[in-house]
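Residues per chain are reported as follows:
There are 2 protein chains.
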Amino acid sequence: MELSEIIEQHIASIRLPEKPAGLYQPIRYALEGGGKRLRPLLAVQACRACGGSVYDVMPAALALEMFHNFTLVHDDIMDRSAMRRGRPSVPARFGANQAILSGDAMLTLASQLALGVPQKVVAPVAAEFNDMALRVYEGQQLDTEFESRRNVTTDEYFHMISLKTGALLASACRIGAMVGGADDRTVEALGDYGLQLGLAFQLRDDWLDTFGDAATFGKPIGGDIINEKETWMLITARHESHGELDAILEEDLADDEKIHQVRRLYERLRIGERCDAAAAEHHALAIAALDRAVFADEALREFFVETAERMASRKI
Amino acid sequence: MELSEIIEQHIASIRLPEKPAGLYQPIRYALEGGGKRLRPLLAVQACRACGGSVYDVMPAALALEMFHNFTLVHDDIMDRSAMRRGRPSVPARFGANQAILSGDAMLTLASQLALGVPQKVVAPVAAEFNDMALRVYEGQQLDTEFESRRNVTTDEYFHMISLKTGALLASACRIGAMVGGADDRTVEALGDYGLQLGLAFQLRDDWLDTFGDAATFGKPIGGDIINEKETWMLITARHESHGELDAILEEDLADDEKIHQVRRLYERLRIGERCDAAAAEHHALAIAALDRAVFADEALREFFVETAERMASRKI
Numbered sequence: 001m002e003l004s005e006i007i008e009q010h011i012a013s014i015r016l017p018e019k020p021a022g023l024y025q026p027i028r029y030a031l032e033g034g035g036k037r038l039r040p041l042l043a044v045q046a047c048r049a050c051g052g053s054v055y056d057v058m059p060a061a062l063a064l065e066m067f068h069n070f071t072l073v074h075d076d077i078m079d080r081s082a083m084r085r086g087r088p089s090v091p092a093r094f095g096a097n098q099a100i101l102s103g104d105a106m107l108t109l110a111s112q113l114a115l116g117v118p119q120k121v122v123a124p125v126a127a128e129f130n131d132m133a134l135r136v137y138e139g140q141q142l143d144t145e146f147e148s149r150r151n152v153t154t155d156e157y158f159h160m161i162s163l164k165t166g167a168l169l170a171s172a173c174r175i176g177a178m179v180g181g182a183d184d185r186t187v188e189a190l191g192d193y194g195l196q197l198g199l200a201f202q203l204r205d206d207w208l209d210t211f212g213d214a215a216t217f218g219k220p221i222g223g224d225i226i227n228e229k230e231t232w233m234l235i236t237a238r239h240e241s242h243g244e245l246d247a248i249l250e251e252d253l254a255d256d257e258k259i260h261q262v263r264r265l266y267e268r269l270r271i272g273e274r275c276d277a278a279a280a281e282h283h284a285l286a287i288a289a290l291d292r293a294v295f296a297d298e299a300l301r302e303f304f305v306e307t308a309e310r311m312a313s314r315k316i
Numbered sequence: 317m318e319l320s321e322i323i324e325q326h327i328a329s330i331r332l333p334e335k336p337a338g339l340y341q342p343i344r345y346a347l348e349g350g351g352k353r354l355r356p357l358l359a360v361q362a363c364r365a366c367g368g369s370v371y372d373v374m375p376a377a378l379a380l381e382m383f384h385n386f387t388l389v390h391d392d393i394m395d396r397s398a399m400r401r402g403r404p405s406v407p408a409r410f411g412a413n414q415a416i417l418s419g420d421a422m423l424t425l426a427s428q429l430a431l432g433v434p435q436k437v438v439a440p441v442a443a444e445f446n447d448m449a450l451r452v453y454e455g456q457q458l459d460t461e462f463e464s465r466r467n468v469t470t471d472e473y474f475h476m477i478s479l480k481t482g483a484l485l486a487s488a489c490r491i492g493a494m495v496g497g498a499d500d501r502t503v504e505a506l507g508d509y510g511l512q513l514g515l516a517f518q519l520r521d522d523w524l525d526t527f528g529d530a531a532t533f534g535k536p537i538g539g540d541i542i543n544e545k546e547t548w549m550l551i552t553a554r555h556e557s558h559g560e561l562d563a564i565l566e567e568d569l570a571d572d573e574k575i576h577q578v579r580r581l582y583e584r585l586r587i588g589e590r591c592d593a594a595a596a597e598h599h600a601l602a603i604a605a606l607d608r609a610v611f612a613d614e615a616l617r618e619f620f621v622e623t624a625e626r627m628a629s630r631k632i
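If you're matching them up, the sequences are chains A and B in order.
For reference, each letter of the first sequence is one residue, going 1 to 316 in the numbering used here.
For reference, each letter of the second sequence is one residue, going 317 to 632 in the numbering used here.
Same shape as in the complex, but just chain A (with noise of 0.2 Å):
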């Protein structure tokens, strides 16, 4: 059986109380929403690499996974986002309150599954697993404020981006190669790799959000222009386009235009490209770091290798 498989064969039969059935069936719902399961893989992946088994790190693969999806039904309640992944998000479909009162229980869930792993390595995984959580609500809460600024610069972006998506996929590495009796610079660099991956990951993802194609990409295009949302894009449009870009964003044009006039300034500034190098760069420092790390089994290293390359240039 693929890995894959195993992975989702295992989320599909996470156990969880039947009742009060309203309270757990939202979890059920937020789980089975798919995605690509890239936590719970490069957990898996990384403890394999390292000389574990599979077995002795999946509940904390699971807890990651479950951490993930309980990220984006909070989220999803903040934003009054409606869809997610092609179908009504969970506060669409069951309420805001019992989004806040599922999610809860999602976390507390993630944190249980996660003191599933042997014995011995208990205290540092659910000590890292916590520490990164925090660093996901940092990265939210910038993120937040973000919103109401217009002066944010690349650096704090990238310091944003590193916490709200690059700690979860760096927190995934260094859980799998602790389970898997890693050393202390391989760890490190496993998560370095999951750092620089997210960089990448949320740079192409912004990238998707204005340049994408909507049918491949599963959500319209232009949400981040029409939200002002502050990218590495936005940022840097604005602080070379002379106050042209905000003179845009002022007017009172209709989403269509808007779009059109920001990606015409885009096109012009080389906004794409540039971004899509500084995907690139962030692809590099991921190879990079492989290289620092040890592998008990030389054979996953080409999986690392192949997941930065198809973060760097997805089109999902």
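Quick caveat, the hints were computed from the structure, so don't treat them as lab data.
It is possible that some hints are incorrect.
To be verified - The calculated label-pair distances, taken between Cβ atoms and stated as ranges, are:
1) B:Leu319 <-> A:Asp183: 42 to 48 Å
2) B:Thr470 <-> A:Met83: 41 to 47 Å
3) A:Gly95 <-> B:Pro440: 54 to 60 Å
4) A:Lys120 <-> B:Asn467: 39 to 45 Å
5) B:His558 <-> A:Gln25: 33 to 39 Å
6) B:Glu622 <-> A:Ser53: 50 to 56 Å
7) B:Arg584 <-> A:Ser148: 53 to 59 Å
8) B:Asp395 <-> A:Ser53: 45 to 51 Å
9) A:Gly22 <-> B:Leu319: 35 to 41 Å
10) B:His576 <-> A:Gly34: 52 to 58 Å
11) B:His576 <-> A:Arg15: 46 to 52 Å
12) A:Glu240 <-> B:Gly338: 53 to 59 Å
All C-beta atoms, glycine included, are put in the ideal place defined by N, C-alpha and C.
Since the structure of chain A is already known, use the hints to place chain B on it.
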């Protein structure tokens, strides 16, 4: 120094990251709201009674207080409560989105704190903590579901409050006993004590909401009646008044008049006295549970007896 002062000092010195201030400031605000600090006090005394030290149990005691305050922050969003402990609630003061995110961070901080107990009890304490948290959410879920029902039984009510209120007090005692090195029998006995204490506490809380003194109780009287909250009193009065209670609730009356009429009905059916008697029953069960606990320090038994006494007769 008084034990309650020691606990207060430890709460005040919980280390939170400085930045981003927007994330952590509401947490400090929530913790500074005061309250009885009943949960950490129970944990510390249970630990001492079983032969453990204040120092060993303090991380778990703080985790329980952090968790309790987390539930209040998220409850106040779900219930749209503007006030808490005589001040604006966290969502009223910082906004609902901020309350969601800072609340999430409180739950993670609580898990993090709980991991600070001595190594040999980390695993059982963390497991107990997560199990407890799920029971609390389950109780909250049932409480919410009761709002849209008119046929809740007193059995269902007791099941709900044993989860929503009882589970946390039970766990405070259990965790304290576990850290103190108690045998299973004493852990169970103190857990039962905490559960019965919780039931007495909740019955008294419901009683105070209807028959208490607004100035002493710190919030307006009659809120449960106006919100038609499924308390033991309301359920019993509905069952025994042959439609009279529901008729009053359905009438288009001013709040004051509605409260007045329901209280008159309660008085006729002697609901207040009987609610008090039910609280006294659970107080007696708490004391009986205490008799099954083996204490290393018998002098501390008095604390638990007095606390149960206070719960069943408190005015605030």
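The hints, checked one at a time:
The supplied range of 42 to 48 Å is met by B:Leu319 and A:Asp183, whose beta-carbon atoms lie about 45 Å from each other. The hinted window of 41 to 47 Å between B:Thr470 and A:Met83 holds, with their beta carbons roughly 43 Å apart. Our hint of 54 to 60 Å for A:Gly95 and B:Pro440 is violated, since their Cβ atoms are close to 36 Å apart. Take A:Lys120 and B:Asn467: their Cβ atoms lie about 52 Å apart, and the range 39 to 45 Å is violated.
At roughly 37 Å, the beta carbons of B:His558 and A:Gln25 sit within the given window of 33 to 39 Å. Hint check: B:Glu622 to A:Ser53, Cβ distance near 53 Å, so the stated range 50 to 56 Å holds. At roughly 57 Å, the beta-carbon separation of B:Arg584 and A:Ser148 lies within the given 53 to 59 Å, and the hint holds. Range check, B:Asp395 to A:Ser53: about 46 Å between beta-carbon atoms, so the 45 to 51 Å window is met.
In this structure the supplied range 35 to 41 Å holds for A:Gly22 paired with B:Leu319, their Cβ-Cβ distance being about 40 Å. Here the CB-CB span from B:His576 to A:Gly34 is close to 56 Å, well matched to the stated 52 to 58 Å. Evaluation of the 46 to 52 Å hint for B:His576 and A:Arg15 yields a pass: the beta carbon distance comes to about 50 Å. Take A:Glu240 and B:Gly338: their Cβ atoms lie about 29 Å apart, and the range 53 to 59 Å is violated.
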